[in-house]
Amino acid sequence: MRRFLVVRGAQALVVIVLVASLAFLLVHLAPGDPFGASLDDPSNDATLHAQQMHRWGYDQPLAVQYIKWIGNLGRGEFGWSHSRNRPVWDVLRETVPRTLLLMGTALIAGMLAGLALGTWQAARAGTIAARVSGALSVATLSIPEFLFALFALAVPGARWHWFPVSGVVDPAMHDSMSAAGQALDVLRHLVLPAGTLALVTAAAVCRYHRSAMLAVLPEDFVRTARAKGAGERIVVMRHALRNALGPMITITGLLIPALFGGAVFVETIFSWPGIGRMMVDAVTGNDYALAMAGVIIGTVLVALGSALADTLAALADPRVRVEA
Amino acid sequence: MRSQSVRRGAYVAFGIVALLAGCGGRERSGGAGTVIIGSGQDPKTLFPPNADNVQARAVTELIFQRLADRGATLNTVGDAGFVPRLALKWDWSADSLRVTFHIDPRARWQDGHPVSAEDVKFGFQLFTDSLVGARARGELLALVDSVSVGDSVTCTAWFRGRAPERFDGLVTTVMPLPAHLLRNSVRDSVALSAFSHAPVGNGPFKLVKWEEQVRLEIGPSASYSGARPTLDRVIWSFSPNGTTLAQQFMAGESDFLENLSVDDAVTASKQPDFRVVRLGSYDYNFLAFNLRDGATDRPHPLFGDRALRRALTMALDRRLLVRSVFDSLGRVGLGPFTRAQWSADTTVTQIPFDRDAATRLLDSLGWRAGANGVRMRNGKPLAFSLILPGVSAARGRFAVLIQEQLRQVGVKVDLEKLEGKAWQERSAQHLFDATMGGWHATPTPTGIKQTWTSSATGKGGLNWGRYQNGAFDAQVDSALTAASQLAARAHYRAAYQIIIDDAPAIWLYEPPLLAGANARVQLGLIRPDAWWMGIPGWSIAPGKRLPRDERIRTPTTTP
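Chains A and B are the protein sequences, given in the same order. In terms of the numbering used here, the first sequence is numbered consecutively and its last residue is 333. In terms of the numbering used here, the second sequence is numbered consecutively and its last residue is 917.
Don't read these hints as lab results, they were simulated from the structure. Mixed in with the good hints, there may be bad ones.
Claimed, not checked - Covered by chain B, per the in silico footprint, the following chain A stretches (three or more residues, Cβ under 8 Å): (1) 57-70; (2) 159-167.
To be verified - Covered by chain B, per the in silico footprint, the following chain A stretches (three or more residues, Cβ under 8 Å): (3) 31-44; (4) 181-189; (5) 246-253; (6) 271-280; (7) 284-292.
What the hints assert, rightly or not - Among the chain B residues that face chain A by a calculated CB cut under 7 Å, a handful are: (8) Thr392; (9) Ile394; (10) Lys402; (11) Val572; (12) Ile593; (13) Ser597; (14) Asn599; (15) Thr602; (16) Ala609; (17) Lys779; (18) Glu783; (19) Gln787.
Don't be surprised by glycine CBs; every beta carbon is placed ideally from N, CA and C.
Chain A extracted, bound-state conformation (with noise of 0.2 Å):
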């Protein structure tokens, strides 16, 4: 087990420093520079823009700069933010938390769903409920994830008033709310983002979950379950159900690359200030070292999600620490 998480933490390591070098030449290639003029504004200064890219050594090789942008991550260091006036470490320590909060929240709410909604669709098989309800599934996982954001917004926020439609917290009354109503206050903001990323998982993990029920429910363990007298929800809850959810360890790994995908588009649209948002504003803005901290925060969060769910199924089943 141990060569196992060694060899494990070593492909990680390496798949982060070469994403983060590609990040590194990608952004540098881009058009422009974090001291460009903004569009239409006249008011460019050659002189004041050329001082500024020598000040933060802009205007150095691309490969000492690489060199020197190595040595700082090396130290921990992931510099300056000039869209945002401030150390990226500052800028990481807020949004990432809050990135955190969304992806775990709808990783955990579309789990559950998931597992439930696959879990009854298999009991039922065969059924008119469960075939319209595995439509319904096959249908959310083709709708992109944007337009369901779209729709909460409209629909259930501007239209319906159920939650607010934008942000973190009540901007003019979270600070006059006890403890408990600004925690209630951050899941009120919290429904229709993390709402939106859970459906799409749930619709994901249903159909997953769905195919290794019904791969369980005919085995030899289920049937003599059924024969010794017990409940049809016992047989299903108790003995098919928990033989079916080892995959679901390698789907959860699978999952957060794309729950971290589909959060730079819900974090946009919710006005929600977390890594996705970030790193389109320091795209659009040529910050490269937030845009940097970004992807690497990316690729880490991939990388352990990925590790944790190989390593779990690793626990959970002998032959994959063999073949590994």
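Based on the hints, put chain B in the right spot on chain A.
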């Protein structure tokens, strides 16, 4: 058994949803109101020399107070119409090369320290320090040599010459800064210091809280010696997404939306709870021809010809274009200026829309109809590419309509939609035939020198199409040095007429700058160049108060 548990689960779920949907704050009473402004961008910094975007300007100009400000006429020549702010009055020297300001002795910084002449001098030093990197540094140094201190409430600005807009350039740029707090800061990092996120100002408002990318709150400053703002709180709520901002506004979560799209304006205007407010627009957009061949200095094979440029201008029904894109909210561009500038002259003679005349002119230039409907001359088609930034929906729509209108006179236009920065680089490097350009001007018309004169055709210059006309340059120079607004206006008019006749660009439109306001907010007068300056006078209409209007205590980030 199962139905019972399902019902129980449903009750629990319903309870959670009801709790989440209905959670609110504690009971409060009193208070003069809260206005929430939906905004697309975070200020990024509140350090006045680096406050470049609209949000940063808005907040810093409410937290800091300048010596004087433009008055209702928005005149920028001399000091006529300027209103005293921090300075109670000012005196000119006999040679008009220096002006002495007399500062209000009651003025205080928000930490209680008196605002002194030394703070004005210190502010000037920071605005002109290359290490601080203020964008206005170059223009300010071209006008003002130095600021000296007489006594604690008297300071003198020494001008380099008698530029007509020297007073405007000084007072609308420089803000006094608290020397007692910042003097010991290292210059190259003062802009990056904690002060840039928690400034101590001298204006009617003080910063209460700023959560970057989320919200920013200001409230009345107790140390301000002038009239107290009516509102208790003004909160900016940030979202980068225009659709979200509009939905937030329509849902009543914000009271004022500072950038309302034309489509949303139409929706909002149909509802009694909302008002559409037209803000002063200093933007003008155009189709610029490249008068030189690519990046070389040879004349462009098509647009080096003045008559051809005029024919293409004549072939476009600009009024129809503007109506198609902006309905009745946009305005046809008249020239390299906007109607909001004092130098604007709506009587300058335009090249009229006349498709028949355009056809005749093209015929006379030797461009004859070809087999595929495209005009040809010496075997070459009358075709060009038009580059445009993909981020601008309005420019995209204009480009398509222009393509169609020019097709009707036998001109082929290939549209090249580019990523914003790529478009900007291509334009700046003169690598285009024609480009959909646009400038954001200011109340002062002097920007024309940076964008359309011969002096701006070189590397890094903003005269992308490299239009050159000595007579135009002379008129602009005369306008820039004219002693009176009347004389300057005459020179600007002459310059505008020359450039319109030369048609280096087709002046397309002044985009409408619209805001949405909830009917519960009483706005008063909106200043065209800075709508936020009216905020101290905003109030909540009686009978339209919300729970958020009650006075509540909030933690402050201001030291």
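Verification of the hints:
| no. | hint | result |
| --- | --- | --- |
| 1 | 57-70 | holds (count 4) |
| 2 | 159-167 | holds (count 5) |
| 3 | 31-44 | holds (count 3) |
| 4 | 181-189 | holds (count 6) |
| 5 | 246-253 | violated (count 0) |
| 6 | 271-280 | holds (count 4) |
| 7 | 284-292 | holds (count 4) |
| 8 | Thr392 | holds (5 Å) |
| 9 | Ile394 | holds (6 Å) |
| 10 | Lys402 | holds (5 Å) |
| 11 | Val572 | holds (5 Å) |
| 12 | Ile593 | holds (5 Å) |
| 13 | Ser597 | holds (4 Å) |
| 14 | Asn599 | holds (6 Å) |
| 15 | Thr602 | holds (5 Å) |
| 16 | Ala609 | holds (4 Å) |
| 17 | Lys779 | holds (4 Å) |
| 18 | Glu783 | holds (5 Å) |
| 19 | Gln787 | violated (11 Å) |
Checked against the numbered hints above, the structure breaks hints 5, 19 and satisfies the rest.
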